[in-house]
Amino acid sequence: MLGSLRNVRARDTDWDGVRLHVVTGKGGTGKTTVAAALALALAADGRKVLLVEVEGRQGIAQVFDLPPLPYEERKIAVAPGGGDVYALAIDPEEAMLDYLEMFYGMRRAGKALTKMGVVDFATTIAPGFRDVLVTGKTSEAVRRKGKDGRRVYDAVVLDAPPTGRITRFLNVTNEVAGLARMGPIKNHADLVNGVVASPETAVHFVTLLEEMPVQETLDGLDELRAAGLPPGGIFTNMVRESLLPASVLDDVGKDRFDPAELALGLKASGLADGSSDAAAVAEALAEEIAEHAHRTELERRERLSLARAGRPRYELPLLADGVDLAGLYELAESIHTQGAA
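Mapped onto full-length UniProt numbering, the consecutive letters of the sequence shown carry residue numbers 1 to 341.
Careful, some of the hints might be misleading.
Claimed, not checked - In silico lysine-lysine, DSBU-like type, Cα no more than 30 Å apart, as pairs:
hint, residue 1, residue 2
1, K48, K147
2, K48, K145
3, K48, K75
4, K75, K145
5, K186, K147
6, K75, K147
7, K186, K145
The hints are simulated quantities; they were obtained by calculation from the structure and are not laboratory data.
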């Protein structure tokens with residue numbers, strides 16, 4: 001099963017040249033799950049990928065069934081073909097200490113400020129500064145090189161805030177404009193923006209085939225474009241296969257479906273005893289069929305809406321047994337075989 005994963009080359013994908021994959025989506029769409037599966041898919045065939053989270057929910061640890069992650073990069077999974085997935089749960093206070101050390105050599109003083117609550121105070125009155133800290137840590141991982149001069153990570157996947165906040169979160173240059181017009185903070189924000197707004201970055205949206213998440217995805221794409229940020233693909237999660245052939249669904253939609261014929265079929269097959277029993281079962285089944293046909297039609301309309309966005313689209317199956325480690329690998333294979341990794 002994993003052989004198909006290994007046959008897909010990077011140059012055959014939609015994201016050739018992209019090194020920072022930002023994953024966003026409306027709450028409840030499975031954003032963290034898709035980000036984890038994307039990291040596994042990108043790491044296939046011996047590549048090294050960093051999976052980053054910034055919201056303090058320890059979502060990555062939950063998806064991979066691990067203890068809470070510390071503020072350090074550590075290996076959490078082996079991808080198909082021998083690649084490695086590392087993870088980092090960014091803590092804004094620790095990122096602040098890194099920032100003070102990097103630009104001012106003040107890590108010890110920074111720890112004292114943390115104890116006094118100054119860091120918390122600063123990021124509360126200036127939320128944009130918090131975003132600069134966490135996006136800065138992520139972009140540093142994208143740029144980082146080893147002693148051999150090669151990039152440490154082949155790709156970085158960022159499990160980002162929800163769709164409603166993603167443009168503001170990524171648009172760090174605007175966010176710090178009111179904080180600093182020059183100096184290290186401004187220079188740092190410009191450096192981060194140089195990565196985030198470049199062709200090396202793609203912002204992917206996770207959605208369901210439902211009206212609200214689809215509309216939020218389309219609105220999010222419009223906001224990204226208006227801000228000059230690079231849109232990526234649309235990952236439609238938890239897709240259910242149709243249980244009925246198109247001919248039956250078409251008959252239901254055109255009111256040509258006859259429950260009486262269904263009752264005759266049930267009786268002839270021995271699945272119902274007597275005409276009254278067959279009629280009752282047929283009526284219940286007809287209601288289920290009508291509901292299924294209605295849902296299928298709504299999903300078809302949402303697919304058309306997503307298609308009009310003009311972005312690459314990928315559909316991920318609803319996992320019958322829920323999201324566990326085996327399910328993650330199944331989603332990773334689906335992503336990879338569709339050409340998104």
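Hint-by-hint comparison with the structure:
no., hint, result
1, K48 / K147, "16 Å, holds"
2, K48 / K145, "13 Å, holds"
3, K48 / K75, "10 Å, holds"
4, K75 / K145, "18 Å, holds"
5, K186 / K147, "28 Å, holds"
6, K75 / K147, "20 Å, holds"
7, K186 / K145, "23 Å, holds"
In summary, the structure agrees with every hint in the numbered list given earlier.
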